[in-house]
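Please put together the full structure from these sequences, using the hints given.
Going line by line, the protein sequences match chains A and B. Start counting the first sequence at 507; every next residue gets the next number (my numbering). Start counting the second sequence at 1153; every next residue gets the next number (my numbering).
Hints were generated in silico from the structure; no laboratory data involved. Computed from a prediction, not measured in an experiment: that's the story for all the values here. Among these hints, one or two may not hold up.
Below, a list of computed lysine-lysine pairs in the DSSO-like style, where the Cα atoms sit at most 30 Å apart [stated by the list, open to error]:
| hint | chain 1 | residue 1 | chain 2 | residue 2 |
| --- | --- | --- | --- | --- |
| 1 | B | 1319 | B | 1380 |
| 2 | B | 1157 | B | 1375 |
| 3 | B | 1336 | A | 888 |
| 4 | B | 1254 | B | 1293 |
| 5 | A | 888 | B | 1276 |
| 6 | B | 1293 | B | 1204 |
| 7 | A | 822 | A | 564 |
| 8 | B | 1172 | B | 1276 |
| 9 | A | 888 | B | 1270 |
| 10 | A | 888 | B | 1254 |
| 11 | B | 1262 | A | 888 |
| 12 | B | 1284 | B | 1319 |
| 13 | B | 1293 | B | 1336 |
| 14 | B | 1293 | A | 888 |
| 15 | B | 1179 | B | 1270 |
| 16 | B | 1319 | B | 1172 |
| 17 | B | 1336 | B | 1172 |
Cβ-Cβ distance ranges computed for the label pairs, FRET-style [what the hints assert, rightly or not]:
| hint | chain 1 | residue 1 | chain 2 | residue 2 | range |
| --- | --- | --- | --- | --- | --- |
| 18 | A | 852 | B | 1290 | 36 to 42 Å |
| 19 | B | 1288 | A | 795 | 28 to 34 Å |
| 20 | A | 901 | B | 1290 | 20 to 26 Å |
| 21 | A | 835 | B | 1381 | 46 to 52 Å |
| 22 | A | 604 | B | 1269 | 43 to 49 Å |
Listed next, the stretches of chain B that the computed footprint assigns to chain A, with coverage defined by at least 3 CB atoms under 8 Å from CB atoms of chain A [stated by the list, open to error]:
| hint | stretch |
| --- | --- |
| 23 | 1192–1204 |
| 24 | 1222–1234 |
| 25 | 1239–1252 |
| 26 | 1259–1266 |
The beta carbon of each residue, even a glycine, is placed where N, CA and C say it ideally should be.
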Amino acid sequence: MNTHPNITLTAGETALVEALGASANPAAAVTAEKIRARGLPTRRVEPWHYTDLRSLLKAFPGVEGEWGAQVDLPQLIDSFVITFANGSHVEGELANLPEGISGTASNSDMAPPEGVVIEADTIGDINRALSANGVSLTVADRAKVAKPVSLVHLAAGGASQVLTHQVVVGEDAEAVFLDRNHSSVEENHQNIVTNLAVGRNAKVTWLVDQELDTATDRLAQLNVHLAEGADLQLLILNAGGRLVRQEVHVAVRGAGANLDIKGVNLIGKDAHIDVTTTLAHEEPETTSTETFRNVALADGNGVFQGQIRVARIAQKTDARMACNTLLLSDAADFSAKPELEIFADDVQCAHGATVTDIEEDHLFYLRARGIPEREARALLVKAFVEEVFEDLDYEALSEVLTTRIENWLDRNG
Amino acid sequence: MLEIKNLHARIAEDGTEILKGVNLTVKDGEVAAIMGPNGSGKSTLSYVMAGKEDYEVTEGDILFNGQSILELEPDERAAAGIFLAFQYPVEIPGVPTMNFLKAAMNSQRKARGEEEMKTPDFIKTVRGAAEKLGISMDMLKRSLNTGFSGGEKKRAEILQMSLLDPKLCVMDETDSGLDIDALKVVSEGVNALRGPDRSFLVITHYQRLLEHIVPDTVHVLYKGRIIKSGDKSLALHLEENGYADVIGEAA
Ligand SMILES: Nc1ncnc2c1ncn2[C@@H]1O[C@H](COP(=O)(O)OP(=O)(O)OP(=O)(O)O)[C@@H](O)[C@H]1O
Ligand SMILES: [Mg+2]
Chain A
507 MNTHPNITLT AGETALVEAL GASANPAAAV TAEKIRARGL PTRRVEPWHY
557 TDLRSLLKAF PGVEGEWGAQ VDLPQLIDSF VITFANGSHV EGELANLPEG
607 ISGTASNSDM APPEGVVIEA DTIGDINRAL SANGVSLTVA DRAKVAKPVS
657 LVHLAAGGAS QVLTHQVVVG EDAEAVFLDR NHSSVEENHQ NIVTNLAVGR
707 NAKVTWLVDQ ELDTATDRLA QLNVHLAEGA DLQLLILNAG GRLVRQEVHV
757 AVRGAGANLD IKGVNLIGKD AHIDVTTTLA HEEPETTSTE TFRNVALADG
807 NGVFQGQIRV ARIAQKTDAR MACNTLLLSD AADFSAKPEL EIFADDVQCA
857 HGATVTDIEE DHLFYLRARG IPEREARALL VKAFVEEVFE DLDYEALSEV
907 LTTRIENWLD RNG
Chain B
1153 MLEIKNLHAR IAEDGTEILK GVNLTVKDGE VAAIMGPNGS GKSTLSYVMA
1203 GKEDYEVTEG DILFNGQSIL ELEPDERAAA GIFLAFQYPV EIPGVPTMNF
1253 LKAAMNSQRK ARGEEEMKTP DFIKTVRGAA EKLGISMDML KRSLNTGFSG
1303 GEKKRAEILQ MSLLDPKLCV MDETDSGLDI DALKVVSEGV NALRGPDRSF
1353 LVITHYQRLL EHIVPDTVHV LYKGRIIKSG DKSLALHLEE NGYADVIGEA
1403 A
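Written out as structure tokens, the structure is:
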């Protein structure tokens, strides 16, 4: 079989090749062959420069379709819940979806929604080879879906969970999606690809909420197409996991479209959390803002890569990106890489990245008023991150996300 | 109340000595004023009392009600009853003033073994104190000191002082940045807090403040030492003649 001089595989790669070998999907053999020949991407492969997948992926448990345990994750806010436990769809009859939205089972063989472009890449390759389940949701034109829809992903029992979702939001429609991710304490893995097409003048809030256990790895990808006048607020909260790579690829392909990404990465002990975004502004008069606040403690390692491409015809693009990090320990680290490729001349693009420590003068002021050091620090850290989730389009989320941040800080601070 | 004995302190980072043997006693209920040229060490003295880590005490002691406070953390000193109204209060974006006030009041209560304040009582107390100082509740909804004008910051310091009910109030140039009317309001606020159990250390450059808050004693700090002490007439003398003769006398 082997035609390439193979490299020596790491334990993670070996396990991944094994999992691919167990799949009947022809794509699996191709992906396995690629990995056998070249291994997973290392820091020498540019998009993975700060996340050396080859050395960071320590394990790849077998892909598990079955699920035996009880599911009991409290709702974030009242919503229609669709739960996947490993590869099984265990909760949320698609026939009972809220009015205006319909759904069927999906998998990686399904073509992505019209407009969503998927580039060949590692996360996508693994997903295509191993995904056996997912949902395909369609919000009808002009439908204002009153109830948010939660997509809950639970990885448990030392398994790999590989899912693919397709979501199409019709013209002038409105919807809120809560993409939630949890896992058990065993060594689990998630690979979830979601393709989202937001139609003309539609308005969507999409939350990616990750509070995986500290032994779970996650490779996730959100591929988005924004039509004319479409408005997407994408919220990302990373508050767990071991190796986490969250990719967001957005094609802003309709004039007047607006994208707002707000993210908080809470990076604890032994965690490596990478958020990589690529935004392509391809039509005139579109806007995007990206605001990330990160807190890294212990030996936590964070990465933000933000690429913005502005096509020649995309005049009057307004793209802004800010990534501010608070490092709470000397061993913590954060790498930010903004990247602008601008081919139009009449555009506004700005990016800024800062890495700071808590201001000693602020800490002293609070302590001089009687607030003990630990509490004073927590107040300052909260102040730093919580601002991001103030005044969200979907107001009810502000409070729950703030509470989530506070809980994390109380546990880890 | 307060006894500062032969206090020497230096900047931790580079070892520069700023306080070179300060001696000062403030009795219960006394209002002591500290004056002195720019850079003489007045703010440094206030920071050392509050426990700022930028400074190292190399010699001497600070006794508060007979106990040395040098080993106490800043928050422990605050809970013990020492309050510093800062010359330059810092802006802390993202921390709502009300949350901060509540955290401060309840931390101090907790440290003293008292019960925490319930929210309705807390709001009532703050509203009452703010009104007296001409501070609007809207201002308190904003982030701590963030975007406050110079005068608003000083008023906010005095608001904190009145809410935290300290035993020793160290006020570092509270008068700077206040307009004439605000100076009156703030002085009245301070005078209302005067009492036999509470002492004040008022750092100022101007006699004007001392017309409103009449001191019992006045001390001149120069190059890290108290070079002259007297009663309120000393402040008048300085106002008229400047520091030259006092410094000359000491030399
Ligand atoms: N953290 C520090 N780092 C460097 N220099 C310092 C520091 N703190 C104080 N100093 C220096 O020590 C001296 C005394 O400063 P301090 O602020 O105590 O003076 P002050 O009497 O309060 O003056 P002013 O009347 O201008 O407020 C000054 O020369 C100042 O520059
Ligand atoms: Mg000063």
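Outcome of the hint check:
no.: 1; hint: B:1319 / B:1380; result: holds, 25 Å
no.: 2; hint: B:1157 / B:1375; result: holds, 16 Å
no.: 3; hint: B:1336 / A:888; result: violated, 37 Å
no.: 4; hint: B:1254 / B:1293; result: holds, 12 Å
no.: 5; hint: A:888 / B:1276; result: holds, 26 Å
no.: 6; hint: B:1293 / B:1204; result: holds, 28 Å
no.: 7; hint: A:822 / A:564; result: violated, 45 Å
no.: 8; hint: B:1172 / B:1276; result: violated, 45 Å
no.: 9; hint: A:888 / B:1270; result: holds, 22 Å
no.: 10; hint: A:888 / B:1254; result: holds, 16 Å
no.: 11; hint: B:1262 / A:888; result: holds, 22 Å
no.: 12; hint: B:1284 / B:1319; result: holds, 20 Å
no.: 13; hint: B:1293 / B:1336; result: holds, 25 Å
no.: 14; hint: B:1293 / A:888; result: holds, 17 Å
no.: 15; hint: B:1179 / B:1270; result: violated, 34 Å
no.: 16; hint: B:1319 / B:1172; result: holds, 26 Å
no.: 17; hint: B:1336 / B:1172; result: violated, 35 Å
no.: 18; hint: A:852 / B:1290: 36 to 42 Å; result: holds, 41 Å
no.: 19; hint: B:1288 / A:795: 28 to 34 Å; result: holds, 32 Å
no.: 20; hint: A:901 / B:1290: 20 to 26 Å; result: holds, 21 Å
no.: 21; hint: A:835 / B:1381: 46 to 52 Å; result: holds, 48 Å
no.: 22; hint: A:604 / B:1269: 43 to 49 Å; result: holds, 44 Å
no.: 23; hint: 1192–1204; result: holds (count 3)
no.: 24; hint: 1222–1234; result: holds (count 6)
no.: 25; hint: 1239–1252; result: holds (count 8)
no.: 26; hint: 1259–1266; result: holds (count 3)
Hint violations for this structure: numbers 3, 7, 8, 15, 17, all remaining hints satisfied.
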